[in-house]
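Chemist: We have chain A; now place chain B onto it with these hints.
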Amino acid sequence: MAATSELDRVTMIVLRHIRRPIFVLIIVYAIGITGMALIPGKDADGNVEYMSLFHAFYFFTYTATTTGFGEIPNAFTDTQRLWTIFCLYMGVISWLYTISSIWRLVQNPHFLLALNEHQFANTVKRIEHPFFIICGFGDTGSLLARGLSENWFGAVVLDTDPERIKALALRDYHVKMPGLCADPAIPKHLVDAGVEMDNCKAIVVLTMDEEVNLQISVMARFLNPDLPILCRSTSARHSEHLSTLGKVTVINPFEIFAQLLSMSITAPRLHNLNSSLVRTRGIKLGEPLDVPTGEWILCGYGRMGRWLHKYFVKNGIRPVIIDPDADEVAGATKIIHSHANLNSLREAGIEHCAGIVAGTDHDHDNLSILMSVRALRPGAFTIMRQNTHENQIAFDAANAGLILQSSLTTARRILKHLISPQIQILIDYLRDQGEEVTKQVVDQLKVAIGENQPHLWRSNICASEASAVIEHLNSESTLTLGELIRNPYDLSASLSCMVLAIQRDSLRIMLPTDDETLQLGDEILFCGTEHSESMLLATMNNAYTLDYLISGIDPPRGYVFSWLRAYLVSV
Amino acid sequence: MNLERVIFGFVIILALSFTYTFVMGDIDNPAHHNVWILTIAILVNLIATGLKLGDRSQVGALLLASSLVADVLLITARVVWIIAENETGSGPGTESMVNIVSLSGGALVASTVSIVILIGDTLISRR
Chain A
1 MAATSELDRV TMIVLRHIRR PIFVLIIVYA IGITGMALIP GKDADGNVEY
51 MSLFHAFYFF TYTATTTGFG EIPNAFTDTQ RLWTIFCLYM GVISWLYTIS
101 SIWRLVQNPH FLLALNEHQF ANTVKRIEHP FFIICGFGDT GSLLARGLSE
151 NWFGAVVLDT DPERIKALAL RDYHVKMPGL CADPAIPKHL VDAGVEMDNC
201 KAIVVLTMDE EVNLQISVMA RFLNPDLPIL CRSTSARHSE HLSTLGKVTV
251 INPFEIFAQL LSMSITAPRL HNLNSSLVRT RGIKLGEPLD VPTGEWILCG
301 YGRMGRWLHK YFVKNGIRPV IIDPDADEVA GATKIIHSHA NLNSLREAGI
351 EHCAGIVAGT DHDHDNLSIL MSVRALRPGA FTIMRQNTHE NQIAFDAANA
401 GLILQSSLTT ARRILKHLIS PQIQILIDYL RDQGEEVTKQ VVDQLKVAIG
451 ENQPHLWRSN ICASEASAVI EHLNSESTLT LGELIRNPYD LSASLSCMVL
501 AIQRDSLRIM LPTDDETLQL GDEILFCGTE HSESMLLATM NNAYTLDYLI
551 SGIDPPRGYV FSWLRAYLVS V
Chain B
1001 MNLERVIFGF VIILALSFTY TFVMGDIDNP AHHNVWILTI AILVNLIATG
1051 LKLGDRSQVG ALLLASSLVA DVLLITARVV WIIAENETGS GPGTESMVNI
1101 VSLSGGALVA STVSIVILIG DTLISRR
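Chains as they are written, first to last, in my numbering: chain A, 1 to 571; chain B, 1001 to 1127.
Just so you know, these hints were derived from the structure itself, not from any lab.
Beta carbons: idealized from backbone N, C-alpha and C, even for Gly.
Any given hint could turn out to be false.
[Unchecked claim] Among chain B residues calculated to face chain A with C-beta under 8 Å, some are:
no.: 1; residue: Asn1002
no.: 2; residue: Glu1004
no.: 3; residue: Val1006
no.: 4; residue: Gly1025
no.: 5; residue: Lys1052
no.: 6; residue: Leu1053
no.: 7; residue: Asn1086
no.: 8; residue: Glu1087
no.: 9; residue: Gly1089
[Said to hold, decoys possible] Just a sample of chain B residues kept apart from chain A, beta carbon distances all over 10 Å, derived:
no.: 10; residue: Ile1007
no.: 11; residue: Ile1013
no.: 12; residue: Gly1050
no.: 13; residue: Leu1051
no.: 14; residue: Ile1075
no.: 15; residue: Thr1094
no.: 16; residue: Ile1117
no.: 17; residue: Ile1119
no.: 18; residue: Gly1120
[As the list claims (entries may be wrong)] So the derived list for chain A, only partly shown, Cβ under 7 Å to chain B, looks like this:
no.: 19; residue: Ala468
no.: 20; residue: Tyr544
no.: 21; residue: Ile553
no.: 22; residue: Arg557
no.: 23; residue: Gly558
no.: 24; residue: Trp563
no.: 25; residue: Tyr567
Extracted from the complex, chain A is given alone in its bound form:
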């Protein structure tokens, strides 16, 4: 049997369901019309006259639908009236029967499901811009969708929870985000979501079930061998399995969280740059957190705590661990087997510690740890872990040194990866280079964008995105970055943006200078204002503007003036 599409299925269901009512209608109409045409009537002068078939149909139509225009064209005889009564009742009953069958069909949940799927598949098929597929619309998924929308990227959402899909429909995104309540592990639903489409740029798998995530990734890989997959996984076994699929980026929320936390302690400037690039609220570029090094206390040693501890040790900090269930930990100075309360905090040496991480997986525990720390040592730097997005207001009020929310950090990391994988590579590069290089980048960025929010975007030097640049490079002339980002209003200045990195085939150029020449196929990562993005886009696609930026002169455009200029020069 050939595979049937969703469209065929819906049409089939409807046709099968209304087959009998249609038959009933046809038969009743046929009987009524034939009867009306056969029964003799009288015209105004009393002559016998038969109703024509067309008139009979006209009469029956308005009678069966209870419109009732009256006795047209002539007043009826009693026989006709008798037949009319029969027609009326039969017509009305058959119509009611038809309507009620359609009504029953419309209320059937399975039909609605099929219809929904059909509409969803159709909507996705019509998407023309690049989009991403998000499987799992929990905290991380919805934050990611919000972030994508702010960058004008579209997404298609799959989730098994109908409530979440209903919530999705009510969000006010800049771009359309179609959602379907369906199991993403079933390949048919992935196909409906557009996994095989060319403009599907990546699939992000974020359900809470590791096994399901793996299944979805495997299905997606088979359906589209080139599709980048970003998959949430916290277990080593699943991660290993995922990495064999190829082109898979494993998203481990705990590790991302731990990386960010350790970055805030060991590389505050980089943490500040990273936070402002992802537009964390309340962060100002160039004003890093003042995180002390020294003795640290880590409350909570679960899955997240393990990663935090690993990164602490990596950075030469050996924290005191407070957790009731912690077993032997290599590299910890002290383990206190207790819940974090006044006593255990005192035992851990809260009076002389530099900072404390409230990292349990219960928000109220973390908040109460904060209260205890306030009482015992108000000067300690506090890093809070926020578990659920709904507790945002309470955490805002807590006024801790740093609040990290796992779903948010994960969503931001994924978003960075989707905008350009180069962003994270650059951050890693800066971490290896040390704080001094970071400071230079931050200073340069501040000069470029001033007090504006930084905005990241990537441009490809290809015909569809930079036609003028391609034309210029093809005419065997060179183009440097400095010339490209020159300001068309003022040639001595640059647009408010800077180039962070260039990807040229397998070569990566980090923090290129203005003298760097562009080449065909370059993928450039920019950071600047939104306005400068549109200005740059205009430059890259308008040959006249680009020539003006390079040469500083505005050559004549029309044939007549070009000829005249050439003639005058030759004379």
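Modeler: Then chain B, alone, in the frame of chain A:
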């Protein structure tokens, strides 16, 4: 200031002005419309079209298109004039005059579009 822009703007605005000069007056009164002005308007419009040739930008394409529309309409009006003159022996009658002037009115709209594009481009021009 750029000499090319000056000449360019001059010719385009002149084309609009001449078209307007011809259209002005009662639509059906042959005494209000001069065949010389119509002919000059056609000439200036053709020159404007020539100056617009060769610009590869989007705006350039739109300018050229509107100019071509004006040319076509004005030349049609002139052809109608010639035919009408041939029939009557003197100038065109009331009926032909209405056709000629309304065709020129269409050209007036196209010229106006040209000017609007030109002004808009100058205003948002990046320098």
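Chemist: Any hints this thing doesn't respect? Which numbers, in order?
Modeler: Hints 3, 4, 7, 8, 9, 10, 12, 13, 19, 21, 24, 25 are the ones this structure does not satisfy, whereas the remaining hints hold.
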